[in-house]
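Listed here are the chains, written in short residue letters.
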Amino acid sequence: MPLSTADWAAISLSLQLATVTTCILLLLGTPLAWWLARTGSWLKGPVAAIVALPLVLPPTVLGFYLLMAMSPTGPVGRLTESLGLVTLPFTFSGLVVGSVCYSLPFVVQPLQNAFAAIGQRPLEMAATLRADAWDRFFHIVLPMAFPGFISASVLGFAHTLGEFGVVLMIGGNIPGETRVASVQIYDHVEALDYAQAHLLAGGMIVFSFLILLLLYLTSDKAAVGSLQLRS
Amino acid sequence: MNTAPGHNQPIEANFSVKLSFPRRSAEAPRFELVVDEQLAAHGITAVFGPSGCGKTTLLRALAGLQPIHNGVLRVNGIAWHDQRGSLQAHQRPVGFVFQEASLFEHLSVAGNLEFASKRAPERLGSEQFQGITEFLEIDQLLPQKPAQLSGGERQRVAIARALLIRPELLLMDEPLAALDQTRKREILPFLDRLKSELDLPIIYVTHALDEVTRLADDLLIMEKGRVKASGPVDEVLTRPDVPRMLGEEAGAVVEGIVTERDSQWQLLRVDFIGGHLWLRDSGESIGQCARIRILARDVSLSLADEQASSILNRLPATVIGMADDTDRAMLLVRLAVGEAVLLARISKKSASQLRLYQNQRLWVQIKSVAVLH
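Respectively, the protein sequence lines represent chains A and B. For the first sequence, our numbering assigns the number 231 to the last residue and increments by one with no breaks. For the second sequence, our numbering assigns the number 373 to the last residue and increments by one with no breaks.
I should point out that these hints are in silico values taken from the structure, not numbers from a laboratory. A virtual CB, placed ideally from N, CA and C, is assigned to each residue, including glycine. Heads up, some of the hints might be wrong.
[Unchecked claim] Stretch-level coverage of chain B by chain A, calculated; a stretch enters the list once three of its residues show a Cβ under 8 Å from a Cβ in chain A:
| no. | stretch |
| --- | --- |
| 1 | 43–54 |
| 2 | 60–74 |
[Claimed, not checked] Per label pair, the in silico range of CB-to-CB distance:
| no. | chain 1 | residue 1 | chain 2 | residue 2 | range |
| --- | --- | --- | --- | --- | --- |
| 3 | B | Gly231 | A | Thr39 | 38 to 46 Å |
| 4 | A | Leu217 | B | Ser282 | 55 to 63 Å |
| 5 | A | Gly203 | B | Ala147 | 39 to 47 Å |
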């Protein structure tokens, strides 16, 4: 039995969401992880704890408060409204915001570890070789932390694909807009259409397994690959 | 060799560096470094002291890796740090060699060297690049990764990299301390050549006195964040207050010149400002400069010239001072030998039996002499 058009639409939406979320997380997560890896500020502990919250909270809790915040009367909702932007709940953009919060630790933590592993010395060395801060970041930090970026991207992507609770809370179930693969599976099960549910759910297991396998198989090669980046 | 960064004038470095910061240690909760020095750095200026004396901190402050509080650092008339501001590390024309080579592991040897040459203030010709790699004998290593190199090779690459940035001042932080004896002996000749062939002032931090006596022209001795003595190495080592700090290693360094070879007895004659010495022939050629270290414990005193002694090197001397040794049974005697100053470490009992006094004329007997290069 082939996948239906609705199934394909849901898969495509999931992939889009994961891609956009991963890109945004790399942009936001890099400076945040850098700060966490370097700072001696007392704020480090509280910020690290907030970043890690999605690891332990039920997605419904996160989704509930995001929904409250993004509703037209919530703080985020009022901000987006005053800026003339769309209201976020029940839209794809809302899902992106939710996913960014939900997958944040999966991107920040591998990056933070990779940055911390570089240590101070290569950066000091580069500074005495007349490399300014940006130069040091692009030619020392990025290549040396390259395996960390691979891990962060794969984990962020895979984790966003597997998201369900947050999506349901803030996105609902609008075909082509917020009905991602995990929600589609839920619908199939609700309709007792176990055959379709199997197809989609099994597909997700295989797909997730494959990207994680790729990550672990290439983690050594990723290190080697980063070694070949030239300044 | 025309790869010399080409600064023929000595660097005038005026430091008035005051650093004060908490240190992670219970017994010294705050560490304060106060250095008020003017260096006319040419050749190698060694900064010597026990670990924790602040010598590495001083070097890091010069490089801009350690913030200076309340101090002024001017080099060749240019303020690197004063009340108005501070040049950042990447804006200072220094080369830095750390104790560990600190090569960029993600780059090949060539990549590490190009990292420097690309960022040098003036573009380096390929002959100059090649000149430096040949000078340090690393031209065969260029395609390799740092992980494949031995400790000595890594340090040579690190030195080459520091030269390729075309520094006006080279800062070296215990570059030999992480190496074993064999590797040290492998690197030392390169440092000798660095000194003699490149016209580049070097500030060399070390806690090994043998490196100081072999390499240094000037010496700055530090203790607990303060400068204890500074000046030309031969003067500083024989200053009244210094030898005590050096304990067993107290001694004098003199520069001499090989003038004669006695092939019957396999000896060399070396003339220095205190007279001449006969040394075992270690292959130096006539006319060559030789730096000689005479340890205080290898010098004994006698009131007459003991012809019937097995000791070959006997020189007339005048007592110019006496100081307590760290060992309470011993005494350090400063002696004028010609225009040179030597030290003798003798027991207080012998001093009493010889009835030593200031300006006394006597003979020194030198049991052994080390030729440093």
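How the hints compare with the structure:
1. 43–54: It is violated, with 0 qualifying residues against the three required.
2. 60–74: n = 3 at 8 Å, threshold three: holds.
3. B/Gly231 <-> A/Thr39: 38 to 46 Å: About 44 Å separates the Cβ atoms of B/Gly231 and A/Thr39, which means 38 to 46 Å holds.
4. A/Leu217 <-> B/Ser282: 55 to 63 Å: This hint holds: roughly 59 Å between Cβ atoms.
5. A/Gly203 <-> B/Ala147: 39 to 47 Å: Distance hint for A/Gly203, B/Ala147 holds at roughly 42 Å.
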